[in-house]
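J.: Spelled out from the first residue to the last, the chains are:
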Amino acid sequence: MENTMNRHLMTTAFLCGLIASALAQTNAYAQPDLDADKRTAVELLPASCLAVVEMQHPDQLLTTLTEHRVWTEIQQRPEYTAAISNPGYMMFLGIRTHIETQIGMKWREAYDTLLGGGITVAFHPETEGLVALVRSTDAAKLKSTAKTLIELGRADARSKGNEPLPEDEYRDITIYGKNDARFAIAGPWLVMTNKDELGKKVLDTLLDGSRTSIKDNEKFAAARKSVSGEPAIWSWVDLGTVRDAGLANGLDKNQTENPIVELLVGGVLTNLRQTPYVTASLYVSGESTRLQFAAPHENEWVEEFREYWFGPDSQGAADAPLETESTILSISTYRKVSEMWLRAGDLFDERMNDELAKADANLTTFFAGKDFGEDVLGSFGPAMQVLVNRQSFDDVLPKPALKLPSFALAGHLENAAESQTELRRTFQSMVGFLNVIGAMQGNPQLDQDIDIYRDNKIYTASFIPEPDEKDSERARIQFNFSPSLAFANDRFFIASTKQMAKELVDAAQNEQSTRGELSNTAIKLNAKALGEALADNRDQLVAQNMIKKGQTREESANEIGLLLEVLGLFEGVSFDVKTTGGELKLELTIQTKN
Amino acid sequence: MPQDIASIDPDWAWSPFSPSTEQPWNRRLAAHLCRRAGFGATSKELDELLEREPAELARSLVENAKAASMRDPETDALATAMLATGNSRNLAAWWLYRMLNSSWSGDQATQTSPLLEKLTLFWHGHFGTGAEKVDDAEMMFTQNRLLRRHSLGDFGAMTQEISRDPAMLIYLDSTTNRKAHPNENYAREIMELFCLGEGNYTERDIQELARCFTGWEVRRKKFRFNRYQHDTGTKTILGKTGKFTGEEGVEVVLKQKALPRFIARKLIRFFVFDEPAAPEQLVEPLAKLLRQSGLRIAPVIERILASNIFYSAFAVGRKVRSPVELGIGLLRCLNGSSNLDRVAQHLDEIGQAVFYPPNVKGWDGGRTWINTSTLLGRSNLVGELLRHEATRFDGQTLEALAKKNAVSNPGELIEWLDELLLAVPLDDSAKSELLAFAEQTTGDPSRRIARLIQTLSTVPQFHLA
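Those protein sequences? They're chains U and R, same order as listed.
Okay, so the first sequence: first residue is 1 according to the numbering used here, each after it adds one.
Okay, so the second sequence: first residue is 1001 according to the numbering used here, each after it adds one.
By construction, these hints were calculated from the structure, which means they are not laboratory data.
All clues stand as given, with none of them false.
Pairs of lysine-lysine, PhoX-like flavour, derived with a Cα cap of 20 Å:
{"hint": "1", "chain 1": "R", "residue 1": "Lys1221", "chain 2": "U", "residue 2": "Lys470"}
{"hint": "2", "chain 1": "U", "residue 1": "Lys225", "chain 2": "U", "residue 2": "Lys585"}
{"hint": "3", "chain 1": "R", "residue 1": "Lys1255", "chain 2": "R", "residue 2": "Lys1240"}
{"hint": "4", "chain 1": "U", "residue 1": "Lys178", "chain 2": "U", "residue 2": "Lys195"}
{"hint": "5", "chain 1": "R", "residue 1": "Lys1222", "chain 2": "U", "residue 2": "Lys470"}
As the structure is a prediction and not an experimental result, all values here were calculated from the model.
Given the sequences, and given the hints that come with them, work out the whole structure.
T.: Here it is, written out as structure tokens:
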């Protein structure tokens, strides 16, 4: 009997143990406390995502934008006051106030709370789905706000006779929406997607944890490591996988049909054909907004026919721009143009090659039999600049009615002594040719001269006004130009005006070093100089506005005045291309005035 | 009133129109005056003009136009800006801007009057000169100023000046004229097209007049008299003999009896009716007036615009709207504004590019404005004007404009548009169809009004002036 009792006790104990064990395991599969979830979005996204866009601090971004000087100035404009007084905007404000009352938060508090933890959007190729993860800073408020908004939405749908928002359940989480637009609230997370399967993957990871996520993706990790500073928005695209999947057919083409496109971005295309990934970062501050594209770059990737673009070992560097106070635009770049011309067969398609062959034949004739690609273009060094300056007409007569900026091409000559003579002869022939054509068309003639400026020769050509035109302040458009050719050491300048040629000689002789930052290409637009150049032609701008929009003079003058004022809020725009530190970087920066 | 123009009493025809109960002075007649003497008028402008009697109004319009002709558009800042590019195409938009922004009330601030611009357009067609050959915006502008300055003045002075205008001489390949081989181009055109008409001169007259013009040259875009190349011999032109210079040769032509009739006939065709050709007895009183006034245009215009025949069934709705009248007229009547570069292009597409007449005869006008392709183009022009993003009506939308004119339903809308835009009123059946159409259309009110106007533009009356 004692033995039977012992057996019963042992069986009971065993059974209890089993039950306890089973219960313990059940607890292990109970819903985790999602409200306390501390993971980041990248820990929830599948490892095979092809593209990710992150905004880590939406609240900070909004603060920067709303406190930005440009926005403050716009708000003080009467046009802004008129725009926000219109009935449509008033209705919007009414709706917003109603929602704020319902959710118990002002819109800004709601924005900071509900989005403050960051927004991440990703594309998942296997499901062909997009998913957005929004993390709030307060899970409870997220839940209550969502509930209120859903109720409001449903009430509105009912009042209009529409179907209310449907819902479903997945692992005790309510899924709202249907077809291509579904969302769920899970802890501090708002998960939105257009593909059910993708949404469920994310929720599974959220609920169960996962061994791997996009955070563990090698390319993604490498990209994250190389981020500098704290971008407001950061994005990543797995370009290697995109190419392997045949989704970037345009990048396969080695040849373009447009020499300008090739000149500007040919090197970028070479990089995109090989680089494993590309990132884009947006930095926003009170002083500037900067958009940066970056991709790993290796010199081995550069085809021989593209070396003209990158230079040896991808270290080709542009000169520091020869800017003055009146410079509106400067483009400084490294391009061995003669090589590009000679490599046309590899770079361009058949049609463009035919065109270039014709041009080559004509230009060779024009340059007295010298091979255009090898001899003519070959005499120019790779560092080239194009500059556009505002012209001053203060002490100039006749003064043209339409005041155009002056422009110039600046570069280096490989064999200065020999090349200078050739270039001068070509310039003088060109002026003679223009005079013959001009005479046939009744246009003023160009008078050639030589100036010595700071020990440098400037070959000039100036239009000769008619006797009754000499003192005119509304002279013909030709009087914007006095084509000039200047040399300073190994440099040459072909300018549309004598004034600009002199400015460039000054700038070249005053510059500290010919090599500034190591940019392959540096483009800069100066808003102040641009504004001044536009203001020089205010009457023309107003007239064009009157004609194009049928407005009165007063209305047009106000509109042009506003344009110039807005322009006055900016310092300028710059665009740089660099190949440094194993990366190809393209950076666009917009600077505002303090 | 007689049915046949040939049996019309010229005294009655050119006597001032006096409104009566049978033919009251109303918005429709005021709109007719504004279409012919300008490019149309808004409802508000029509109401202001109605406050005056037709004869007094005609006098006032002529006086305003004369005053405006003294205001030299050289000081026009818009013209200066347009000329700065050196592109003649920009001038077309400038001129359309003047037409659109002209003032019936003689407001000096707006610089110009509709009658002045309409007459300048008439003379531009009369002394046809095309910018595509002249290829110089400044020269075309200078000629335009010349025509505007003289449009209501002395025809003789205008002809003398136009004879030495570089743009005209370039257009007629008359930039050189040597005594060994006189260039007959201008001599022919001045008699055939500008002053006398066919049948009023002989080939011999052309040759002799060409000798008068020897030594007339254009050098560096300016007129120049080269005395070494001038034939100083005796010439016999149109029965007159003498050692005529070029100016004296022009004077001989100006003194011909055929000239006043030729000009009067053209003015009747431009302002009164396209067809049939005005009978001699109707032309003669105006020709006499032109002669008696020393070839001054203003009295003739005033007579025409105040006359019985001008307000009669022989005139109302008896012209086909030119493209300029159609396009600018639509905008003018609805106080509209738009992208005038685009409007100029459209007008070119349907046959009237200002500054670019097809040849030295100018535009034939009348039925020639309408053919299978231009008819479609005209409807497209209306549609484009109504829909273009730059188009505003009274600075706002069509809906706002309609409300401002106390139009609150489709029936009132049709009545309003009928009176404002159509020379010949719609019949009841057409109105009913339009009303049914208007009531069926849905959507934004401005777009509904625009669709109605475009539908209206398919009605034949829409294309009559």
